[in-house]
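Protein sequences appear in the order of chains A, B, C and D.
Sequential numbering of the first sequence, starting at 241, is according to our numbering.
Sequential numbering of the second sequence, starting at 829, is according to our numbering.
Sequential numbering of the third sequence, starting at 157, is according to our numbering.
Sequential numbering of the fourth sequence, starting at 5, is according to our numbering.
Simulated from the structure, these hints should not be mistaken for lab results.
Where is the CB? At the ideal position from N, CA and C, for every residue including glycine.
Be aware that a few hints might be false.
To list a few chain D residues with every Cβ distance to chain B over 12 Å, as calculated [said to hold, decoys possible]:
id, residue
1, 375
2, 469
3, 516
4, 523
5, 527
6, 611
Derived pair list, reagent style BS3-like, types lysine-lysine, alpha-carbon separation capped at 30 Å [unchecked claim]:
id, chain 1, residue 1, chain 2, residue 2
7, A, 277, D, 443
8, D, 129, A, 275
9, D, 139, D, 65
Residues from chain A that face chain C, not an exhaustive set, calculated with beta carbons under 7 Å [unchecked claim]:
id, residue
10, 243
11, 269
12, 270
13, 274
14, 277
15, 302
16, 306
17, 335
18, 338
19, 339
20, 340
21, 344
22, 426
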Amino acid sequence: MRYATPASAKEAAGMLSKEKGAAFLLAGGTDLLVKLKMGMVEPDLVVDIKRIPKIDQIQTSAKGFVIGAAVSGSMIGQHKGLRAAWPGVVEAANLIGSDQIQGRATLVGNLCNASPAADSVPAMIAAGAKAVIVGPQKKRTVPVEKVVQGPGKTCLGKGEVIEAITLPKPEARTGDAYLRFIPRTEMDIAVVGVAISLKLERGIVKKAKVALGAVAPTAVVVPGAARALVGSKLDEAALEKLAAACSAACNPIDDKRGTVEYRIRVAGVLAKRAAKIAFQRAGGAL
Amino acid sequence: MRVSLSSTFELDNGPGGSVSVHAETIADIMVSLTERYPNFEQLLDRGVAVSINGQIYRDDWTQPIPADAEVFLIPRIEGG
Amino acid sequence: MSNATLVSTTVNGDPVQFACPTDESLMTALRNRVGLTGVKEGCGTGDCGACSVTLDGSLVCACLVLGVEAEGREVTTVEGLSQDGELHVLQQKFIDHAALQCGICTPGFLVAAKTLLDRNPNPDETEIRYALAGNLCRCTGYDKIVRAVQDAAKDMRKANKKRR
Amino acid sequence: MGHDQKYIDKKNYEVVGTRFNRPDGIDKVTGKARYGADASAPGQLVGRVLRSPHAHASIVKINVSKAEKLPGVKAIITSADLPDLTGQDQGLADILENCMARGRALYDGHAVAAVAAVDEQTAAKALKLIDVKYKKLPHVTDVDAAMCESAPVIHDRIITRGIEPKPTKPSNIAARTQMGHGDVEAGFAEADVVIEKSYKTEQTHQGYIEPHACLASVNPDGTAELWVTTQGHFVFRNVCASLLGLDIAKLKVTSSEIGGGFGGKTHVWVEPVALALSRKANRPVKLVMGRDEVFRATGPTSSTSIDVKMGAKKDGTITAAVAEMRYQGGAFPGNWAMLGCMTAFACYDIKNNESIGWDVVVNRPKVAAYRAPSAPMAAFAVESTIDELAKEIGMAPIDMRLKNVAREGTLAPYGPTYGPIGIEHTLKAVKDHPHMRAKLKKNQGRGVACGFWFNIGGQTCTDLNIGVDGTVNLTLGTVDVGGSRSSMAMIAAEELGIPYEQVRANIADTTSLGHNDMTEGSRGTFSSGMATVFAARDAIGVLKQRAAKMWGITEEDVIWENGQAIATGDSHGNLPPLSLKEIAAKAGRTGGPIAGHNEVVADGAGMGFASHICDVEVDPETGRSTIIRYTVVQDAGKAINPDYVEGQFQGGATQGIGWALNEEYIYGDDGCLQNPGFLDYRIPVCSDLPFIDTQILEVPNPLHPYGIRGVGETSIVPPLAAVGNAIANATGVRMSHAPMSPPRVLAAIDTLEHAS
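Same shape as in the complex, but just chain A:
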């Protein structure tokens, strides 16, 4: 296994595109090293992007935030601006594993690992996050919901690298939240995850976006769930409709972490709870 530390995203993309063997990108390594240990991958080349300047920084501008591909969960958690703007994204990022994992795990890694249960992905989708993709030739920007195409499968072509995640500056009276269900209090993979972002106008939900994790091959956006919220003051009827829409959107599997029935049921329960948190964060009164 060769180990390379390119100085730019473009150089990293070039290395990956030229590699004939199995090549992997290394940022936090919390997924890659597990796969190495378990013998699930045998890389010929590992490209460590952490030496690329600014890749471990969060940049704030009038448009919003640019979160570098090597920014760890704990850095996200400590960023005051990000915490104030997108608390749901921050709490989702911070739910990934222990403090030890937080010291390394990244949003981009969580996205590119393409696990159906990734915590940060539904939250990023609900918040309207985009992935900045650098290829050997060109650069493109793709909404996060378009990146993952199936378990372990992304839209990235050979040599393409996600350099950063962008988050817009939230509109006024916007709130987001992410809740997941795990059997323990920590250290588990989500059995169900629900992210909701909504905007209020005069105490009424004007816009909403709802995304679910761990209930389908990829994170799913649920327009029906958003419709259930829009126009409401988050009354019981709206919440019931939200829960029903979320449950209906689930297409889960039975596995060691949960049953189909359980996931469908709990998706609705968490959606109601997450909506209330997002609503309050947007300044709404329950």
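With the hints as your guide, set chains B, C and D onto chain A.
What follows is chains B, C and D alone, placed relative to chain A:
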């Protein structure tokens, strides 16, 4: 004295029951049962402990047995 | 050793060089090449925290870091906690509170607890419990560990006050 | 056993019962302590094991030629390189076959070959080059399914024991056990209320954080060394020597510091393999298991299926109780159901009771003892049923337990009559505990449950050597799994009358001390404590003799008090006392080294009983249970170092809570283990738990000089039922399947809501 058997043990008339032996120590019991019952050796191999007045002895066959003691043969157990 | 790479790094304040295969974890490199067996392997997959070390001050599982990634960085292990022959307050409190039974998880707990107290000198019980959730202990039920950390935090705050 | 009865009632301890820091503390907090994987030897090789990916398969052929040719590979072994014990002692043959499959892989993870190579990378590559041709066979992993007529029979040699007439055909049922007393039919006829329920518990693992690890070195002349993490290095020595045909005295086994065992390190798994690799390669071999290997191929406890029927009168008297229990022992027969039978009703005085056990084999790893093995599952079923009975007759569950509690003189369900036991004391302490009166909020419930474990003693040997400066080396042979060195040093200090700091306790290797049984069955402090008392008294005898010589008086005129020899009698009254230090300093001139020894079969361990209180809060929408308060009350006989007694209580309770809530082996339809890691085998993490309150009771064990009972295991017995009873009180739902994971609890709540 009477020696009672846990019902996991069978000598010649079904599980459990009791037998009468002359014994001053655990070893005396073991010797006399081995002589009397051809399959007792097998039970010993599987593990036998002796309860004397409610206290369990696993290994020390020199243990003296009071004349009026309650004596029970029970399976030898292992712990964690 | 195929594909060995020479790594220059700082471990517990000392300059250290080791050669390791590129696919070897920092945990294995620290244990087998630097001789710091206080870094324990409980799982090798980041689930137990027994190999907790800090890398440039941030808490990580050494099993989820490649040895070659340590190039030019600063690593601290449990062996670096006690200074000048004196135990760190946390180490002493773990002994005093009987916060270890078998002790295999103890180095990881100490490194994680120190990272917590460096960041938050006055954590409440819940904060301690969540900060240590990445460290598995199978012997103690965590009770005495949490008490030891609480007590250490108290002493460390007192000592800091005095210093000021 | 020659202990001195007068010490049983010793009241005024100087050292014992106080709290001292452990002698291995500094090594363990600084990273210096050396565990199984922390040793190295010159020229050592790395050992790795190839494991079956199938639940059950014939091994048609193993071709190692490609792997052998890989540069750096020094030895490869399969069962062909190990002795064939077929037809000999079946117990030993099973152990060896479990270490290395012979002709058939019996479970997912069963070892089929092993390599020793110059480094990790080469060893891993070599494993991939070993070509094993399997022919898959039908498998069965569920205990009930394995008992069916249609189940694939795993061993042709298993004919069920304990059934008359003897079956003629082999099956997966290794044995039927029955015990109890009275007339259960008559008992049920007397009852006003009868409850009948079925329970299931899933398989759990001891979950010690340190994987199995050893360093083996065998010389051509048959001398050998083994450094290993184990609960009993003397037993490992004997077993490994028997399996491999080595001489016991020529195999030196050193127990490393042990990173948890809980029963799982009482059995050999990779040690014989490492020795065989070393013998073949003629170099030291270090073999460390990966976490996935630990889960797939070592030590879990049984999964069970249990039916309980209990009847009671309106006044709360339990008139009859019957339990039928099915325990799987993995791919090899065990006596786990028998232990379930022996413990199920042990807390109670039930006139008519009957327990029937079925020991069953399945295609899972060979079951090993796990802390009070088999008792927690039986207690889950029985203690849950008692709460149901109490509810039915409208009695507080704690009162019902007290009404039927076993006491000195009660006939134990496994036969004999109890001596002095502490279950009633624990229940009364629970009833009086402030925890029982604390207010509960919405969705919260409280449960109480009891637990029993025998505790065992066994062979023990201890040396005590006094240095010329008066410091004391206490040499022990029971592995220290949880701080027992401090307790032993305290006992030695207590007996000798010297400060704790003057004693250094060490664990000897197998060449330096006589045989010691393992640290299992809560025997460490009980047994080595007993041998330490006697070794110290032996040394005191020598000290008195030397003092007499120094004074030129007869030994009979010397007594030992507070760490010094005192001359008694009219003619010697004016002689100043001689301290241990003063006598030790002159040892060379008064007859040589001063030492005490003891070899003992430490029998009479004294039963352990506990009662636990648990409060849970259940989220009715997700089925998630949170433990919000927990109290352990247990009889310790005598707590030597209360810190570590509390630690045992808390640790055992936490393992039980993990089992109650989330821990389970999950097998796929293919018979393969789906969660062989700490990510999805969910042991409790720090944030899952509250502080675990403890109350130590001391009902002295009359057969120990200090009244010690074992304390290590009992605390894992009550939690499953305590949690289940608490969930029942919080939700109205009786959980009959452990772990009571969120999906199971939610499904049960749904079923209840649909019904009403």
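For each hint, the structure was consulted:
1. In this structure residue 375 (chain D) is not separated from chain B by more than 12 Å, as the shortest Cβ-Cβ distance comes to only about 4 Å.
2. Every Cβ of chain B is farther than 12 Å from the Cβ of residue 469 (chain D); the closest lies at roughly 26 Å, confirming the non-interface assignment.
3. The beta carbon of residue 516 (chain D) is kept farther than 12 Å from every beta carbon of chain B, the shortest such distance being approximately 22 Å.
4. Listed as a non-interface residue, residue 523 (chain D) fails to keep its Cβ farther than 12 Å from every Cβ of chain B; the least gap is roughly 9 Å.
5. Non-interface call for residue 527 (chain D) relative to chain B: violated, since the shortest CB-CB distance, roughly 7 Å, does not exceed 12 Å.
6. At roughly 8 Å, the least C-beta separation between residue 611 (chain D) and chain B is not larger than 12 Å, which violates its mark as non-interface.
7. In summary, the hint linking residue 277 (chain A) to residue 443 (chain D) is not supported, as the alpha carbons are separated by about 49 Å, beyond the 30 Å threshold.
8. Proposed proximity of residue 129 (chain D) and residue 275 (chain A) is supported: the alpha carbons are some 16 Å apart, at most 30 Å.
9. With a C-alpha separation of about 10 Å, the suggested pair residue 139 (chain D) and residue 65 (chain D) falls inside the 30 Å cut-off, and the hint holds.
10. With its C-beta approaching chain C no nearer than about 4 Å, residue 243 (chain A) sits inside the 7 Å limit, and its interface hint holds.
11. For residue 269 (chain A), the shortest C-beta to C-beta distance to chain C is roughly 6 Å, which falls under 7 Å, so the interface hint holds.
12. With 7 Å as the threshold, the beta carbon of residue 270 (chain A) comes within range of chain C, its nearest partner Cβ sitting at about 5 Å, so the hint holds.
13. Using the Cβ-Cβ criterion of 7 Å, the hint placing residue 274 (chain A) at the interface with chain C is satisfied: the shortest such distance is roughly 5 Å.
14. At about 5 Å, the closest approach between the beta carbon of residue 277 (chain A) and any beta carbon in chain C falls short of 7 Å, and the interface hint on this residue holds.
15. About 30 Å separates the beta-carbon of residue 302 (chain A) from the nearest beta-carbon of chain C, more than 7 Å, and the hint is not met.
16. The criterion of a C-beta within 7 Å of any C-beta in chain C is not met by residue 306 (chain A), whose closest approach is roughly 21 Å, and the hint is violated.
17. The criterion of a C-beta within 7 Å of any C-beta in chain C is not met by residue 335 (chain A), whose closest approach is roughly 11 Å, and the hint is violated.
18. Given the 7 Å rule on beta carbons, the hint for residue 338 (chain A) holds: about 2 Å separates it from the nearest Cβ of chain C.
19. Given hint, residue 339 (chain A) at the interface with chain C, holds; its Cβ is 5 Å from that chain's nearest Cβ, closer than 7 Å.
20. Interface hint status for residue 340 (chain A): upheld, as the beta-carbon distance to the closest one in chain C is roughly 4 Å, under 7 Å.
21. Restraint check, residue 344 (chain A) versus chain C: the minimum CB separation of about 5 Å is within 7 Å; hint holds.
22. Of the supplied interface hints, the one on residue 426 (chain A) holds, with its beta-carbon coming within about 4 Å of a beta-carbon of chain C, less than 7 Å.
In the structure shown, a violation is registered for the earlier hints numbered 1, 4, 5, 6, 7, 15, 16 and 17, in ascending order.
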